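Asks: Each chain is listed here by its residues.
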Amino acid sequence: MRYAETGINLEIDLSRRNIERVETDPRDTELFLGGQGTAAKIIFERVPADCDAFSPDNLLIFSTGLLHGTPVPSANRVAVNTISPQTNLLAHSLMGGFFGPEMKHAGYDKIILKGKAPELSYIYINNDTVEIRDASHLKGMGCTETGDVLKKELKDDKVQVVAIGLAGENRVYTASMDHGHSSAARGPAPVMGDKRIKAIAVRGTRNVNVAHPGELFALCMKLHKKIAESDGCGDWMAVDEDDSFHHDNFAWGNARTRRRGFWSKELEERWKRLKYDHMERQTSCYNCPKKCRNVIKWPGKNRFGYKCYGKDTYHMAAFKELDFSYEILGIAQEYGLDSYSTPQVFAFAVELYEAGILTDKDLPGFPSDSGDRFFYLMEKVVHREGIGDILADGVWHAARRIGKGAEKFDHNTIKRFEQLPIKLGKLNPPYFLMIATAEKMAITQIEGSFPQDPLPTVEEREAFIKRWEAVPDERFIKYFMEWEKRNEISNEASCAITDWNEAMHYIDDAIGLCGFVSSFRGQFGGGVAYHMNNIPEILTLATGIHFDKEKLWRCFQRNRTLVRAVNVKRGMRRKDERPPEDHWAIRDKGFEQRLLDDYYAFKGWTKDGIPSKATLDFLNLEFVSRNFLENNILTGEENVPLPVVSVKNREAQP
Amino acid sequence: MSTTGRKRVIKEIKVDIKKCTGCRSCELACSAFHAMPRFSSINPSRARIRVFMDEVNDLYVPLRAGGYIQAECNGRNLYVIEGKEYSECIFCPASCPSRRYFKEPDSGLPLKCDMCEDIPPLDAPMCVQACKFEALTYHTREEEINEEEGKYDEIETAYRHLIKKHGKSKVLEMFNRFNGEE
Chain L
8 MRYAETGINL EIDLSRRNIE RVETDPRDTE LFLGGQGTAA KIIFERVPAD
58 CDAFSPDNLL IFSTGLLHGT PVPSANRVAV NTISPQTNLL AHSLMGGFFG
108 PEMKHAGYDK IILKGKAPEL SYIYINNDTV EIRDASHLKG MGCTETGDVL
158 KKELKDDKVQ VVAIGLAGEN RVYTASMDHG HSSAARGPAP VMGDKRIKAI
208 AVRGTRNVNV AHPGELFALC MKLHKKIAES DGCGDWMAVD EDDSFHHDNF
258 AWGNARTRRR GFWSKELEER WKRLKYDHME RQTSCYNCPK KCRNVIKWPG
308 KNRFGYKCYG KDTYHMAAFK ELDFSYEILG IAQEYGLDSY STPQVFAFAV
358 ELYEAGILTD KDLPGFPSDS GDRFFYLMEK VVHREGIGDI LADGVWHAAR
408 RIGKGAEKFD HNTIKRFEQL PIKLGKLNPP YFLMIATAEK MAITQIEGSF
458 PQDPLPTVEE REAFIKRWEA VPDERFIKYF MEWEKRNEIS NEASCAITDW
508 NEAMHYIDDA IGLCGFVSSF RGQFGGGVAY HMNNIPEILT LATGIHFDKE
558 KLWRCFQRNR TLVRAVNVKR GMRRKDERPP EDHWAIRDKG FEQRLLDDYY
608 AFKGWTKDGI PSKATLDFLN LEFVSRNFLE NNILTGEENV PLPVVSVKNR
658 EAQP
Chain V
1443 MSTTGRKRVI KEIKVDIKKC TGCRSCELAC SAFHAMPRFS SINPSRARIR
1493 VFMDEVNDLY VPLRAGGYIQ AECNGRNLYV IEGKEYSECI FCPASCPSRR
1543 YFKEPDSGLP LKCDMCEDIP PLDAPMCVQA CKFEALTYHT REEEINEEEG
1593 KYDEIETAYR HLIKKHGKSK VLEMFNRFNG EE
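Each protein sequence line maps, in turn, to chains L and V. Converting from the first sequence to the numbering used here requires adding 7 to each position, the first position being numbered 1. Converting from the second sequence to the numbering used here requires adding 1442 to each position, the first position being numbered 1.
No lab work stands behind these hints, which were simulated from the structure alone. Some hints could be false.
Said to hold, decoys possible - Selected chain V positions facing chain L (in silico; Cβ < 8 Å): (1) 1463; (2) 1470; (3) 1481.
What the hints assert, rightly or not - With a straight-line cut-off of 25 Å between C-alpha atoms, the simulated BS3-like cross-links for lysine-lysine are: (4) 1461/V to 279/L; (5) 1461/V to 308/L; (6) 556/L to 233/L; (7) 1460/V to 282/L.
Predicted model, so just to flag it, every value in this text is computed and none were measured. Where is the CB? At the ideal position from N, CA and C, for every residue including glycine.
Can you build the whole structure from these sequences, using the hints too?
Replies: Written as C-alpha cells, this is what we have:
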C-alpha cells in the first residue's frame, strides 16, 4: 500500500484523446519526494532538448505535493511544470487553494498533459471518470468566472477548477492560470492555452491514508495550533498595514525610480480605510489556519483576491496609489495575467513611448494618464492586438523585436524573465548568488531561511538565534553571529546560506507545503512551523518511508541538481547567470565571478555550471549523467569535488 | 408551567459565517475522527460537516449533517441577507435525495453529526477544535425538563418497550382490559 500518495499518475494525450492511469515507482518517492521533484524527472526523461514550448511534445504537469490530502496543515500548493515559452527553460510555478488535495482524493498524484486538443476543451475528472469535454461555451471567459460556470454546470460546489483566461488562450507569456483566488504564474498558462485546454475540473471522494495515522494526527493538531498562533507563520502583509518596506525601497515604474520617503502615516491611514472599506473577507487555502488572501469588492468590478506584494505591483509600476491596483486587479485576474511580471511589461512600454521608441503609430490613441495607459495596454496585450502581440511575449523578447534601442530598457530580466523591481546600492553576496543562479525565476522562490540583513548588536543576534529552531546546522549560527555588514560575508558562508535557502524551497515544492509556513518565513526569526529539524519526522509518519535530516537534505540536493540538469540539457550555462547590470550600483565583477566559481564548486558543478558525473552519480541521478555523456555535455573527466553537505544527523538539536 | 427540577444538557455549535475563511480544516478533522479505525483515513467527502463555498459571491457557510430525509422539499426559500442571495438548501442540514451532500460516497448511506460523542468526552467536537477562526464555537447550556414533557417521555419509552417485546395487538388488548376495569 502507498501512503500519503496514490501511486497513480493520470496521463492524457490530447492529440490522440488517450487517457491512461499509470502506476508510479515507489522508489521515486524516496528519491524525489513528489511534486516538482518527480515532475522534473518526467520532464528530463521525456521532453527532448530541442522541444519548443509550443510543440505537442511539451508536457504540462500538475503535481500534488507528497503531503497533500494528509492532515499536515498548510500542505496544499500544487506545482505546475512545463517548458516555458518565455525562458525556454523549466517553468517553476505554484498555486495554493484546494486543487492538489482534491486531485489526490480523486486518486491521482499528477495530471500529465501532452499533445494538443483540436478544439478548445476542458478536462473533467471525477474519481475514475476522466473526460475531455468541449469548452466552446467557455471561450474568452474569465478565470474565476469559468470556475463558477463549471461548478454550476456540474452541480457541485466542491469541484475544484483551474482555468486560463483570455491571456492564456492567446498564449500571452505573462499569463497565469487561476484557481479561485489562487494563481500559478511564470510559464504554464500560455502552454495550457496552446494545448487548447481552457480548464481542468477535479472532484475526488476517495480516502487518503497515511502510515502512522494516530501519531501524525496528534502532531498535526499541535502544528495547526502553532501556525494559527505564531507570528512566524503566514503573510504579515495581510495584517500589517505599514507597507513602507516595498514602497520606499523597491523601484517604481519599469524598475526605475526609488521613492524614499513616499510612505507616510497619512497615506497608511488612508490606504487602510480603502482596504477595510472594500475588503469582505480574508480567506485561507485548504487546511491552513492562516488567512492570507484579501478578498476585495471594488464598485462595479468582479471580486478578486490578492496576497502579499501582489497588491503593490500595478500601482507601483504605474506611479499610482492603492485604489488603482484595486481598480485593475479584478479585471487582470479574470483575464488571467500574472500580477508580478505583467505590470513591468506595461511600464516598459510606457517608457519606450516616452523615449520615442514606440510612437503613436504603434499606440494609436494612447491616453496621457499612466493608469489609463495600463488599461489600454492590457487590452492590447490580452488580445495580442497590434503592438500588444509583441509586448505579450514579455520584456526580453519584446525589446529585441522592437529594436531601435529598446534593449536598453530591458534592464530587469534574468534568463528572459522579469525580476522583482529591486535596485540596490551595495551587493549582498548570497543575494547575488540566488539571483544569478535562479531557476525558480523569482527571488521570493529562493530566499527565505537565512535573514536578509545582519542585526546590529551581538545581543540582538543572540536573542534571534535563541528562537531559531529552524536552523539545520550550527555553521549557520556562526555565520549569523559573525555577520556585521551586509556586503561583508565569506564566500563559504554565502554558498552555504544560498544552499540552505534553496533547500527549503525545493523541499516545499516537492511535498506541497506553503512558503509562508516554511521556506519563506524562517528569515524573520523563530516561530516558523516547518524546517529541516521536523519535516523528516512528518514525512516518516505520513509515508511510512524512513526519513532523517541527511536523507531529506540529499533529496533537496537531488531535486535542485535535477532542475539544473533539465535546464543544462536545454543549453543553459554560466553565461546566462547574470543579474541585471544595474541591480546593484556598486559592482565588483571579479569578486562576483569568484563567488560564482565557489558556488559551483560547493554544488559539485563544473565551472560552466554543469553538475559533474561524480555529483550526478552521488545523487543517484545516473540517468542524467548517462544522457550528458551521450550528448557530449560532459566528458566524464571533469575534476570537480563532490557537493558539500551542510547537515548531519544528531540525537539532540541545539 | 410546572417543572420536574431535572435538567438536560443541550450541545450547540454556533456558526459565525462572517468569520469562516473557507479553509475546510473542520471537514478534514471530522473525517479523520470518524474514520474506522480512528484517524486512519482523510476524506472530506465523508465528513459530517461541509463548508458551502462560493468564492465568486463571497459565500462561506459551514453546515452540519442533520440526518436523512426521504423526500426533497416541494419548494425552496431564497434568503436575501445584506444584499446576497442564499438558497435555503445552503442552510439545510439534511441528507436529501435532491443533492449529494452528507452521503457516504461509496454506499450513498446518509451521514449524521454525532457531536463527536466519545468516552471520555472531548472538550469540543473535532470541527470546533480544528477551527482557528472562531467561525465554529462550542457551547453547552442546561435546559430544565418540562414536567409534562418528562412524564410523557417516560410513558412513551415504556410503551415502545412493551410494543417491541409483545407486539402492538397484545399491548392494545391489555390497555383495553385495564380501561374496562376502571
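Asks: Against this structure, judge whether each hint is valid.
Replies: Now for the hints, and whether the structure bears them out:
Interface restraint check: residue 1463/V against chain L, minimum CB-CB distance 4 Å, threshold 8 Å, status holds. The restraint placing residue 1470/V at the interface with chain L holds, with a minimum CB-CB distance near 5 Å, inside the 8 Å limit. The criterion of a C-beta within 8 Å of any C-beta in chain L is met by residue 1481/V, whose closest approach is roughly 4 Å, and the hint holds. For the proposed pair residue 1461/V and residue 279/L, the alpha carbon gap of about 20 Å is at most 25 Å, so the pair holds.
Note on residue 1461/V and residue 308/L: the hinted pairing holds, with a Cα-Cα distance of about 24 Å set against a maximum of 25 Å. For the proposed pair residue 556/L and residue 233/L, the alpha carbon gap of about 22 Å is at most 25 Å, so the pair holds. Under the criterion of a C-alpha separation no larger than 25 Å, the hint pairing residue 1460/V with residue 282/L is consistent with the structure, at around 17 Å.
The structure is consistent with each of the numbered hints, conforming to all of them.
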